Amino acid sequence: MRLQPKKILDLHYGKKSDEDELVVKKLYQELDIQSVFQQYAEKTESTLRDLISKVDTSEINPEIFSSFLNKISHSQN
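Each residue of the sequence shown is one higher than the one before, counting from 757 in this note's numbering.
Be careful, since some hints might not be right.
[To be verified] Taking lysine to aspartate or glutamate and the EDC-like style, the derived pairs with C-alpha atoms no more than 20 Å apart in a straight line are: (1) LYS810 <-> GLU798; (2) LYS763 <-> ASP776; (3) LYS763 <-> GLU777.
Hints are computed from structural coordinates only; laboratory data are not their basis.
None of the values given here were measured: they were computed from a predicted structure.
Start from the sequences and build out the full structure, keeping to the hints where you can.
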């Protein structure tokens with residue numbers, strides 16, 4: 757019987773052995789964590805850009821938020 761992903765992480769995540777590290781990396785690959793995160797990041801960035809476009813320019817310059825978002829979104833690529 758194969759262990760559930762959460763149980764595998766509970767047993768191996770944060771441990772110092774090479775074997776534990778390989779188990780966690782394999783699980784991440786099986787679950788395609790990189791793609792899941794990429795989709796999440798793209799959706800979140802789109803949502804934030806939409807919110808920034810709605811900022812009241814009489815209150816604050818929205819470019820402040822756009823500039824910051826550009827810096828943090830490009831740091832992940």
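Hints, one by one, checked against the model:
no.	hint	in the structure
1	LYS810 <-> GLU798	holds, 19 Å
2	LYS763 <-> ASP776	holds, 13 Å
3	LYS763 <-> GLU777	holds, 15 Å
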